[in-house]
Amino acid sequence: MSVWDILKIQETKDVKAIKAAYANQLKVSRPDAHPEAFQTLHSAYKSALNWAKTAPEASSGVNISIETSSIEDISSEQDVVVEAAKDSDTFDEMEHERQAELDEMQVEYQHHIEEITKVFDDKAARNNISAWQFLQHSQLALEPHYNTQLGMFVFENILQINQKFEQLRQEGKRYSGGGENISNETILYLDSVFNWRSQAHSLYYFFAEQEVLKILNLIEAHEHITDASYAINSVQGAKVTEKKSQSINQADEYMIAVEVMARLKTLTYRSFCACLLISGILITEFLNQGIEGGVQFLRVFLVVLLIQVIGVSIRNKYIIYSMWPVSILFILCFPIMTPIGITMFLYLKKVRVYFKYEQR
Amino acid sequence: MAIIGIDLGTTNSACCVWQDDELIKVPNALDSYLTPSVVGIDEDQNVIVGQIAKERLLTHSEKTVAVFKRLMGSEHVVKLGSKSFSAPELSALVIKSLIKDAETLLEETVTEAVISVPAYFNENQRAATKLAGELAGIKVRRLINEPTAAAMAYGLNKRDEGTFLILDMGGGTFDVSILEYFSGVMEVHACSGDNFLGGEDFVQVMIDDVLNQLNVTKSELTKQEHHLIYLQMESLKKRIDQIEEETLQLQINNKYVDFKASNQWFMSLINPLLLRVKKPIQSALQDADMSPSEIDEVILVGGATRLRQFRVAIAKLFGRLPSCDLDPDTVVGIGAGIQAGLLAENQALQDVVLTDVCPYTLGTEVLDQNYNPGVFLPVIERNTVVPVSIEKKVYTVNDNQKQILVKIFQGENRLVEKNVCLGFLNVPVPKAKAGEHPITVRYSYDMSGLLVVDITIEATGAKFNKIIENAPGALSEKEKQKVLSKLDKIKFHPRDNQKNKQLIAKADRLYESYLGEARELIAISVTNFERVLEEQNEIAIKKAQVKFSNFLEALEIEGRF
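Residue numbers (the numbering used here), protein chains in the order written: chain L, 11 to 370; chain V, 6 to 566.
Honestly, the hints are just simulated from the structure, not real lab data. Predicted model, so just to flag it, every value in this text is computed and none were measured. All residues carry an ideal CB built from backbone N, CA and C; glycine is no exception. Some clues are possibly wrong.
[Unchecked claim] Derived lysine to aspartate or glutamate pairs resembling EDC-like cross-links, with alpha carbons at most 20 Å apart:
#1 L/K29 / V/D214
#2 L/K359 / V/D332
#3 V/K284 / L/E230
#4 V/K423 / L/E233
#5 V/K30 / V/E396
#6 L/K56 / V/D332
#7 L/K56 / V/E166
#8 L/K63 / L/D24
#9 V/K105 / V/D214
#10 L/K63 / V/D292
#11 V/K491 / V/E48
#12 V/K265 / V/E299
#13 V/K284 / L/E153
#14 V/K491 / V/D47
#15 L/K29 / V/D356
#16 V/K321 / L/E230
#17 L/K56 / V/D47
[Claimed, not checked] Residues from chain V that keep clear of chain L, each with C-beta distances beyond 12 Å, as calculated:
#18 I46
#19 H232
#20 L253
#21 S273
#22 L326
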């Protein structure tokens, strides 16, 4: 079924006709009563509109000439309006006031540029958020035009400084004068004034793509979510307390990880109890063969046990991982120890999963 | 059996109903269309809602609470005296009071309602709002987005066709919606917003700066003093346009301190907040694929849009003046009332259809090419027209994997950790090689903005269904019944004579704010008023009411409280 069948009209480029048809059909398939029919209708409507707007006109040449002439019409019309209005004194006055305001803003803008340059040059201050606060409180930041201009200027400076810093760092030198690159916090703060992400296209136009992408990604990665903790402050009156959360969040994921670890611990101790039991039998065996052999074995076993306990209690990945060769040695070299070796091997595999999880 | 429309606001709530082909605003017991969203408990353990509670915020701050809408969808509890309440429970009390007003006016029981929510409310906050309605003992037929409600009120009021951009800044939230109205179709193209930007924030920055300048921390102040400063700042905000400079007397640590407040000071203070307005507007325009010139009209809704500086900032952004013909305080309530009429299938509204969009991207967690977890896979993109149902296939990554943990996320970031987790579902899968058997994850989003997730395992045909239940604050059926009976047991402050009680509560508040002569004057007037009340002479009481209320009003204006 084509979109026109769904809309129940003939193929047309007339946007009004499409809208009217959509409105008619919508009364039949109301979104609350027929959700699926509505989705089909809506997507048909959207594609019909899209087609009507983008399809090539049969007589495109004519169309363009009409458009250009219409623009001229408008501009000449505007001239007329301006001429007519200029006659009156009030207009002059208003124009004068407006001009004064614009001049004032231009002066203010120059001040800001100077101030920004000053802060950027001051190596100690430029990563200090309070040095930048004048921007957030400036009336000029609310003027879309000046906001963009200032934003571009600041962005350019950040790129320059950070590039220079990066270059020097790669050459193995410290940045001259002990200054720092522009920190992430500063960039994030400045983004709250200039909202660079919404101007991405013009940034890409003026600056190197990779550099821009680096900063925009950084802003996205560090974006913070305003959450309920902020909400408490604004509640008035009685006291607000937090109930224990049941929802899963980052903290809970950590709790799950801890639980895995706790389970692992009991597992380790259990396997060690088994080890001790078996080793008791082994030691008697060895004792029969000669005291020295038995003591030797006991020593090795105690060392292994100690390493394990330390490793698990301080959760050091590498100490626990050092058991890999031991477990393999057990499996391959001592036929009697094979079951212990296998238990150890399996448990090490689980530990690996745990550490992978914890890394996140 | 009427359906009512409720505007459940941060600062004020309102209620409207569609009856006999026209919209009626429901007045409360004090004959006002706005009921402050303030809840308190009085000495007899009765619940007080509205203006009286608001007056008591200063005098009984331990037993009264305001601005609790900001806690919706979180796990916080408010302690009022000996009882503790969650945000949905407090909202339920406000809704109950509104229902009572409506029932008094309509003389029939109210069983169903449409409740308005900020368009940018997330899933948890919406669920909490729906819960609030249910706890108030009514069926919530629909949650309607506030800007959409406002647009309905505007569109049906003016019958103008065209594309509108609605900016709704209430007490606590800021919403942007782009809508088109033609031939009875109200189509929402895109919406965006900021859940923590509203009129209350303007007052908050003022208080913070005042305390900062005077070198006092919030904890050094008593609750009364803090609230007093709040009231002074709130009233200063309302008249800041008319003044150049003014000296305020602030009471800090039992001493009076002069504070010079100027228009310039205020403008510089709220500048950072106004800067935050731009981002959602740009995002909405981008999603709707429109330029500011394609917008026929910019409409302002919500009490905070009265601020001149806000209007100027908007005018600068769009290069034209925004319009605000309807009362920004009640327009959302009117829209909710119209939606209620729509659902009741009123004849006069037969030819109106509303289509809305979902404000956030909804998706699940998957692994990236290098098998690193934590990547967000969008299922329903933001600003998709709703109701909608979309499915995606996901696969196992390990051989003989026993189960798949399907997490449900909401947000725009590429990484799930930056998005809001709505819940999770652990589904068992048949043993097989990695990636052999897909499972289908279907997200369905309804007109109220509530999400249902269905999971089907293709190999076995087993189905799992999830109506977000791990969400913070969500209750099981059993818990819900428990809360319902708890709220039923709570008695409301008697409805009659509310006017008198409100006046006395107001007098109490003013008494606390004043010192010296004025205090005595208030005390005398209260005693006089109470004496008249005891006589129980209707006419005398009416007269005394007017006199007393005029007296208090004069005091209020004089003292700027």
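List of violated hint numbers, smallest to largest
1, 2, 5, 6, 9, 12, 16, 17, 18, 19 and 21
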